[in-house]
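Work out the full structure: start from the sequences and follow the hints.
Residue-level listing of the chains:
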Amino acid sequence: MSSIAVNRRQTLALLGGVAGGFIVASRPGAANAAKQDTLVVTSCADAVTLDPQSSFDGQSPLIWRGVYENLLAYKGSSQEIVPHLADYEISSDGLLYTFTVKEGIKFTDGEPLDAAAVKFNIERQKAINLGIAFALTPIASMETPDERTVVLKLSAPSDGLLSAFAGMYSVYMISPKAIRDNEKDGDWAQAWLRENMVGTGPYKLRKYVQSQQAVLERNEAYWRGWDGEHIDNVVIRYVKDANSARLLLERGDSDIALFLPDDMVEAMNDEGGVLVTDIPSPVQYCVVLPANVAPMNDVRVRQAIAYSFDYEGLINNMLRGHAKQARGPVPSGFIGFNPQTKQYKRDIPKAKELLAAAGFPDGGFTLKYTYETGYWWKRPVGELLQSSLKELGIGLEIMELSPAAWSGMMSNPETAKLACFGFLWSPTLATPYDYMWSMFDTAAQGAAGYNWGYYSNPEVDKLLAQGTSEPDEAKRMASYAKAQELIAEEAPALFLYEKNYRLPMNRNVEGFVFNGVWFETFDFYSLTKKGA
Amino acid sequence: MLRYLLKRILSLIAVLVGMSVLTFWLTHLIPANPARLMAGQQASAEQVAEIARKFHLDRPLVEQYFYYSKGVLQGDFGNSMTTRRPVLADLEEFFPATAELTVASLVIILLLGVPSGLLAAARRNGWFDRLNFAGSLVAVSMPAFWLGLLLQLYFYRYLDWLPVGGRLAIEDIEPDRVTGFLTVDSLLAGDLETFRSALLHLVLPSVTLAAGSVAIVFRMTRASAGSVLRSTYVRAARSRGISERAVMIRHVAPNAVLPAITVIGLQIGVIISGSVIVESIFSWPGIGLYMVNAIKYLDYQAIVGVTIVVSAVFVLCNLLVDVLYIAVNPQMRGRMI
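Chains A and B, in that order, give the protein sequences.
Plus 6 on top of the position in the first sequence (first one is 1) and you've got my numbering.
Plus 82 on top of the position in the second sequence (first one is 1) and you've got my numbering.
Keep in mind that the hints were calculated from the coordinates and are not lab data.
From the three backbone atoms N, C-alpha and C, an ideal C-beta is built for every residue, glycine too.
Keep in mind that a hint or two might mislead.
[Stated by the list, open to error] Covered stretches of chain B, as calculated for chain A (at least 3 residues, CB under 8 Å):
(1) 143-149
(2) 164-174
(3) 226-239
(4) 243-254
[Claimed, not checked] On the chain A side, residues computed to face chain B include the following (Cβ under 7 Å):
(5) Thr55
(6) Lys213
(7) Gln216
(8) Gln218
(9) Ser250
(10) Leu253
(11) Ala411
(12) Gly414
(13) Ser417
(14) Glu420
(15) Ala454
[As the list claims (entries may be wrong)] Pairwise CB distance ranges (calculated):
(16) B:Tyr236 to A:Arg352: 44 to 52 Å
(17) B:Pro225 to A:Val299: 38 to 46 Å
(18) B:Tyr236 to A:Asn275: 22 to 30 Å
(19) B:Leu219 to A:Asp368: 55 to 63 Å
(20) B:Gly100 to A:Glu403: 36 to 44 Å
(21) A:Lys132 to B:Val374: 32 to 40 Å
Pasting the structure below:
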């Protein structure tokens, strides 16, 4: 028996030794938590591709923005477009766009950025027909009269074209040599550029491991130079579990945490070294109502619903005041917003009156509310809508679906019948057209856009078409203003709120400027980290 | 033996074909529009149609399956719609991470489950036995997502001994890929610092993944060792004056471990399916996490690809365990040849 006791002691000693070994070994990374020259960003969702011209997802631009640049840029937090890699000029009829590329700009492979490179990139963007390609359709022809000049000829004026060279989804400049050298089976090097980057930007890609990490380092030859304070390295870590991402940030192992659920962000406010931004943002939250089938095709029924919703309760209780009620389809801080647009306030007697006038004094019908898994904000909005509608005698069935099943159901008018859905819109192009066309234009129904309430008003369609092709700014904005009023009046959606941008980051990160056109991305070059 | 193996391999192929048909059919039952989803918020109808055409989504189901199986036979598992590259490339990228985690968990199961079962049986109802029994009850009943969270909070947040997730620390750069096992690749590259980091990153996820199985293997070994201890040949050995230690090592252990082998084989399936949850908690970039994402976006070919590979691994592991069982159990040998 005693021999077994020894055996047991030995085993325990061995186990203790192993555990002790881990204790003595300090956790790797702990010592580097406060490294000042490295910015660490965690993202709860993967980048899709490093090719900045071939995707429309929300996660990839974070990396793109460090390595690739656009011809134009948005000034600070505004929607004003200013020159970046190139100066620009637009003819008075809005049909000629002239870009003059700045001198001395080189890609990280040593290739110069010239007019031919710009033209080649636009050709590639059009050819692969992904990403921002849809906004380039007005371009009829391109010319390069000299080494620095590119002239675009348009078939019709387009107020969104300039944005296609400035924003988060745009014609980023990729080295033409890299594209030509790595082209395979006519793919314009899409496969190669998925994991490699050759741009003109302040950083270059050091290492990329899908779903794991992206490491960017300083591009020493960057054309704007490295005077002043800048971050040397950027590490993007894909941390799928929100709790882990929060722990990393709170312990100072990361500097910024992207894509955390909102309740978690709200819970983090005022915690130690973590700061949560509170900046007005042009992201518009709404509930789109089905508008094509009786009884919802009656304007009065939709208006009744708009009058029944508890906007204040939503903003004050659920969002703790970090939002304000929306006024129509365009957010209040955005270009072309019309302050005269109607805003609905909760008014149950008025709602009942409208419903009675439409022939449904006691409600008596049921709607659906659909949302996709993973979108934290949609369920409580649905529940609030459910309780508001109950007061009108209207039922609401809440359905949760996978994102793929959800888009399948809603993009088909047969299966989308009488189904409301929560939706948010962040702008791609700096024009009110961007907000209104996709959700409310007749041509955007079904698979063509996001008009999944199947709303149709020829007057609205006409105003939007007039707006986008009108070169005169005052006239253009007048068309959009009228469209906003019409849409708000006919209530094809409940315009809920404009939510402040709430991003948790370390207090020692400085220089962050939020621009709503750039969402969940950073101009790493302008950020600095102060000593702890 | 050879005929037995041949028979098993044939049935393996049948299982895989069946699995692929079933998964293919099931995933396509859902009326969804993955092309629309992939194209992104502002994409035009033509862009959506283009994507649908590219992935044969506009063809009838039988035809889609035909394209698919034709590709698989040529080593082409199709393209993932979410990662936009061949599924095979994704599997090559993510499978080693899961394999490394699985191996680490198996090591923990073998090192903890079997010896503790033997020791507990030797001193039935002693403090070691009671402690382990209570521990195994907790380990079996505690769901992985809860255990993982507790371990993260304790060992990362409070003690700061172990990393919270991922395969490497933030500032580590992945060693050049040879096997895809970071512990092996870092050693091959002679990078001890990265090796240590990779090893430390393995601890929490593999413990979380192994916990339930350790408990099951512990109980299994304890029970079978208990019955071996009561057998006449053990009594005979003892009465001949052989030391208790020698009895345990020479007579009890080899016989008690046999049933445990079968259980461990089955636990491989449990571990692989458990990796879906554990990989999500620990941001472990393996096929579990890949699968979760594929299901979310109804990435058909990725789902079917993962299912085929996981089924193949599971069936192969079971075959291996059965062969091992025959090899270590002299009684079985004659019957199979």
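Comparing the hints with the structure gives:
Restraint check on the region 143-149 of chain B versus chain A: 0 residues with Cβ-Cβ distances below 8 Å, three needed, restraint violated. Counting residues of the region 164-174 of chain B whose C-beta lies closer than 8 Å to any C-beta of chain A gives 5; at least three are required, and the coverage claim holds. Using a Cβ-Cβ cut-off of 8 Å, 5 residues of the region 226-239 of chain B lie near chain A, which meets the minimum of three, so the contact claim holds. Counting residues of the region 243-254 of chain B whose CB falls under 8 Å from any CB of chain A gives 12; the rule of at least 3 is met.
Because the smallest distance between the Cβ of Thr55 of chain A and any Cβ of chain B comes to about 6 Å, under 7 Å, the interface hint for this residue holds. Against a cut-off of 7 Å between C-beta atoms, the interface hint on Lys213 of chain A holds, since the closest Cβ of chain B lies about 5 Å away. Restraint check, Gln216 of chain A versus chain B: the minimum CB separation of about 6 Å is within 7 Å; hint holds. Look at Gln218 of chain A: its Cβ gets to within about 5 Å of chain B, closer than 7 Å, so that hint holds up.
At about 5 Å, the closest approach between the beta carbon of Ser250 of chain A and any beta carbon in chain B falls short of 7 Å, and the interface hint on this residue holds. Because the smallest distance between the Cβ of Leu253 of chain A and any Cβ of chain B comes to about 5 Å, under 7 Å, the interface hint for this residue holds. About 5 Å separates the beta-carbon of Ala411 of chain A from the nearest beta-carbon of chain B, less than 7 Å, and the hint is met. The interface hint given for Gly414 of chain A is met, as the beta carbon of that residue sits about 4 Å from the closest beta carbon of chain B, less than 7 Å.
Checking Ser417 of chain A against chain B: minimum C-beta separation of about 5 Å stays under 7 Å; hint holds. Among the interface hints, the one on Glu420 of chain A is violated; its C-beta lies about 10 Å from the nearest C-beta in chain B, farther than the 7 Å criterion. Because the smallest distance between the Cβ of Ala454 of chain A and any Cβ of chain B comes to about 4 Å, under 7 Å, the interface hint for this residue holds. For Tyr236 of chain B and Arg352 of chain A, the Cβ-Cβ distance of about 47 Å falls inside the hinted range of 44 to 52 Å, so the restraint holds.
A C-beta distance of roughly 44 Å is found between Pro225 of chain B and Val299 of chain A, which places it inside the suggested range of 38 to 46 Å. In this structure, Tyr236 of chain B and Asn275 of chain A meet the distance hint of 22 to 30 Å, their C-beta atoms being roughly 25 Å apart. Separation of Leu219 of chain B from Asp368 of chain A is about 57 Å and conforms to the stated range, judged on CB atoms against 55 to 63 Å. Distance hint check: the CB atoms of Gly100 of chain B and Glu403 of chain A are about 37 Å apart, consistent with the given range 36 to 44 Å.
Range check, Lys132 of chain A to Val374 of chain B: Cβ separation about 35 Å, and the 32 to 40 Å hint holds.
In summary, the numbered hints that this structure violates are 1, 14.
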